[in-house]
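Chemist: Work out the full structure, taking the sequences as your base and the hints as a guide.
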Amino acid sequence: MDKLKKWRRAEISRIRGDMDRLFDDLCSDFDLPLMTCRITGDLDLQQKDDILVVKLELGTINPEDVQVSVLDRRLIISAVVVDNGSAQSRMHQFRKEIRLPCIIRTDEVQANFKDGVLEVHLPKCPKQSGQKVEISRK
788 MDKLKKWRRA
798 EISRIRGDMD
808 RLFDDLCSDF
818 DLPLMTCRIT
828 GDLDLQQKDD
838 ILVVKLELGT
848 INPEDVQVSV
858 LDRRLIISAV
868 VVDNGSAQSR
878 MHQFRKEIRL
888 PCIIRTDEVQ
898 ANFKDGVLEV
908 HLPKCPKQSG
918 QKVEISRK
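Per the numbering used here, the sequence shown starts with residue 788, numbered consecutively.
If you are wondering where the hints come from, they were derived from the structure by calculation, not from laboratory data.
Some hints could be false.
The calculated lysine-lysine pairs, modelled on DSS-like cross-linking and capped at a C-alpha distance of 25 Å, are [to be verified]:
(1) K883 to K901
(2) K842 to K790
(3) K911 to K835
(4) K883 to K835
(5) K911 to K883
(6) K835 to K914
(7) K842 to K919
(8) K792 to K901
(9) K842 to K911
(10) K911 to K901
(11) K901 to K793
(12) K901 to K835
(13) K842 to K793
Small disclaimer: the values here were computed from a predicted structure and weren't measured.
Modeler: Structure representation (structure tokens):
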């Protein structure tokens, strides 16, 4: 057991990228649609106090190619990636959209990218209190 090699995230991401390119080449040879859903990993949503934290593994995607938006109660993460590695350029795109469980303070949203993982911090708005409205007769 002591001879087992511990793989680092960068090595696994590189191998995954190589396998993705092999499958994309195979799909292109047979005129099949590319499997672009493989570009990203799973999306993880956690709640920490009054902040929602979303994590998404992006592997070797350049963070400058990624767009993060908050619209109403939706978080949208998208990217367009151009691969110039082979004889012809290939464009991959993805879009992940999730409905958020509450209203977000959009002016305080922060996104960080480290070691191939995008982490978005979404501060929740304080709970809205309802108010009874009296109806007047005219």
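Chemist: Look at each hint and say if it fits the structure.
Modeler: For each hint, the structure was consulted:
1. K883 to K901: OK: K883 and K901 at ~19 Å, within 25 Å.
2. K842 to K790: It is violated: about 33 Å lies between the C-alpha atoms, which goes past 25 Å.
3. K911 to K835: holds (10 Å)
4. K883 to K835: Between K883 and K835 the Cα gap is close to 22 Å, so the pair holds against 25 Å.
5. K911 to K883: Given pair K911, K883 holds - Cα atoms ~20 Å apart, limit 25 Å.
6. K835 to K914: holds (16 Å)
7. K842 to K919: With a Cα-Cα distance of about 39 Å, the restraint between K842 and K919 is violated, given a limit of 25 Å.
8. K792 to K901: The hint holds at about 24 Å.
9. K842 to K911: holds (16 Å)
10. K911 to K901: holds (23 Å)
11. K901 to K793: holds (20 Å)
12. K901 to K835: holds (19 Å)
13. K842 to K793: At roughly 23 Å apart (the allowed maximum being 25 Å), K793 and K842 satisfy the hint.
Hint compliance for this structure: hints 2, 7 are not met, and every other hint is.
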